[in-house]
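Asker: Sequence:
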Amino acid sequence: MFDADRPIKTSDQDRLNRSPFAKYLARCLLDQTTNDRLVVGLYGGWGTGKTSLLNLVAQELNFAGTNLEAPDKPIILNFSPWNDTGQQPLIPAFFRRLKTSLHQADFLEQREPLIDLLEQYALAFQNKPAHSAFKSTPSFFSRLFRRLKRRSLTHSVFKPDPDPSILKAEINACLSTGQHKLIILIDNISRINDHDVRQLFQMISSMADFTKTAFLIALDKQWVIDALDRTHMGDAEKFLEKVVQLPFHVPPISSCDLEHILSDRLNDAVISVPEDLWNAEYWADIYYNSLKYFFNNCRDITRYVNTLNFSYPRLRDIVNPVDFFALTAIEVFLPAVYLGIRDNKDLFSDLLDNVYILDNEQLKKNKLRCDEIMSRAPHIPTDILLDLLVMLFPRLRYIDQTNMPFYHSPEMARKLRRICSPDVFDGYFRLSIQANRITESEFITILSLSANVTDFDQALTRLNQDGRILAFLDKLDGKTLNRLPKENIAAVIDALFDNGDFFPHGITSPLNLDTAMRIHRITHALLHRHETPEARFTLLQNAIAKANKSIYITVRELHEQGREHLEEEDTFLPPDFRDITPTQLHSLRQLTVSKIKLWARDHRLEAHPQLIALLFFWHDWDESDGCQPFLTELTSTDKGLVTFLMAALDKAISEASTTYIKNPAWEVYLSEINQLIPASMLKSRARAIFEDAYFEKLSEKEQLAIMIFLDIIHADTLKTISAS
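All letters in the sequence shown, in the order written, are residues 454 to 1177 by my numbering.
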């Protein structure tokens, strides 16, 4: 449930115990016995509850009015320059509202004459000449035009302008005939423009001489003074002090009251938290040590609770509630710090703690980064913000509280869904834009790990786990590579070749490169940091030999290298411009074929998502019998045959799963299968699988693989093939 940040209107909504003061102030306005002017000011800053207090006074005035006899009933006007003026000028809008209030006061004896006099007074006030110091001298014709215009508004060209002093005396005479008090409440002054502020206070100053008239105005004193200064008012503060005779300063809401209000407003959110996840002691540490200093008024609470009520239900199942409540406060009140946390995962989480040791040099760099982020919060003391961040992110103790012993378990942090766990960190920012972004400082930190291939390898694994590896490759593919020390090039290429198969495939289109091509661009740029083909060959040979977790990236790299050697390709280059020589390319291909055969012997090849592509490269590059012996053995079993057909017919299966329509173009896949192994060798086993009762227990894709294959080879079966 969301709160529109509306002020309270009645005393039963009062949680700050301001009703007694409102009653006292209302009685003062009603019980004034003299006819002297009275202007009361309620001074308070943004969000201190001025409007709510004004509403409480209005409630008391209206209540008192119902208990008074007709001759003593007050006339109450609640005027908001922001809400009541619309597109109209302020002064006409005010007198229009005053006229409405007088019309409704049927107990007023001199109502009609008073309304007529006020209309004339409003006209005279609007035409009141400006102060001579700020008035330019008009021409004779403009003076004549304005005078004729004013006279036309009074329906008689020959009627003289009303004298404001005479009108004021006549108005006072009407107001003196009874005991009625005219009480005018004015709010939302800080929302109007500077010119209207000046006009409003000039009008109040002029009308304050009316008999039995009192003004109660709620305002931010400093804001009004600044607005009057901008209109060249002169000494605006003295002018305001002259207008407002009885100032009351609305005090800031006490921290105790704010705590009670916040507790009530958070109740619905806390109730929705799974019982075993809410740690009251942890919340108390966070709130009383840091979070309570974020809330200065009820409006702060409203902003915070509204944001929390929107975000938490959507992320409740993946976050720690106390951590998320605290992070939401940072998001609402310190958005720049929030972005700093989001964009520096390696600094705040345990992302790289198992990758490199925090030496003094690294600690200094991390401290500079942390200090810069905390400097984005000028309104929160640094020590309070640091206490909050350290509780949320314990690893910061290594940076700012090195002498304080503490215990932190990454396993427990992951179990409790703490934000400091790198496996959970990104979930907290799921509703934030650019969650996969890598900042320059984090990028430089990760790139510095390339001094050690193991460290850099583990860093890439972490980036892939949290879904940011493509963002990292995007930053790596550019002029940044020129900053990489030459001695670190081997570590980068080795890590890319060993991990590349685990990275998301990426998007292949005329305007996008898939991940394998992106890695090729990076590798090509790094190879050209070395001057000779021999040095480049050594880098590639070592990377291929060391790669145990990936094979497809190696194959794709050699395929792209081979395109430089083919005259029919648009990427053909003369020998002097190629990365490596033809002999070196051949040697690397044979090394890769031996790696593919190793994958085949270990039964890893058939499980690879790029099985068919790998088989074709094996078929093309192998100088012996190619991949057919492997395929013969693989397809001799039901499981192996289904695996091969699912890989070979992957696109057809995907199309059939979505359209449920047979496509004659699928027969092109039969030609590809025949290039690797004669389809006739697979026919009998595929038919036997289809006709066996166990076929119904296969997955949908496995069934489609068998049915599409039998259909494109036009096999006769005892059962009807219904892949339609």
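Keep in mind that the hints were calculated from the coordinates and are not lab data. None of the values given here were measured: they were computed from a predicted structure. By construction, the Cβ of each residue, glycine as well, lies at the ideal position given by its N, Cα and C atoms. Hints are supplied without guarantee of correctness; some may be wrong.
As the list claims (entries may be wrong) - The calculated BS3-like cross-link candidates involving lysine-lysine, where the alpha carbons are at most 25 Å apart (straight line), are:
1. K665 to K526
2. K928 to K818
3. K476 to K462
4. K939 to K868
5. K1154 to K1092
6. K695 to K462
7. K1048 to K999
8. K1172 to K1150
9. K932 to K1002
10. K818 to K868
11. K476 to K691
12. K674 to K691
13. K1136 to K1104
14. K1050 to K1115
15. K1154 to K1172
16. K665 to K476
17. K1136 to K1154
18. K695 to K665
19. K1115 to K1154
20. K939 to K928
21. K674 to K621
22. K1002 to K1092
23. K928 to K868
24. K621 to K552
25. K665 to K818
26. K526 to K552
27. K1104 to K1115
28. K1002 to K1048
29. K999 to K1092
30. K1092 to K1048
31. K691 to K820
32. K1150 to K1115
33. K526 to K674
34. K1115 to K1136
35. K674 to K552
36. K1150 to K1136
What the hints assert, rightly or not - Pairwise CB distance ranges (calculated):
37. N515 to K868: 53 to 61 Å
38. W535 to F955: 28 to 36 Å
39. I724 to I1114: 45 to 53 Å
40. A1066 to A988: 25 to 33 Å
Asker: Check each numbered hint from earlier against the structure, then list the numbers of those it violates in ascending order.
Answerer: Checked against the structure, the hints that fail are numbers 4, 6, 9, 10, 11, 14, 21, 23, 25, 29, 31, 33, 35 and 38, while the rest are satisfied.
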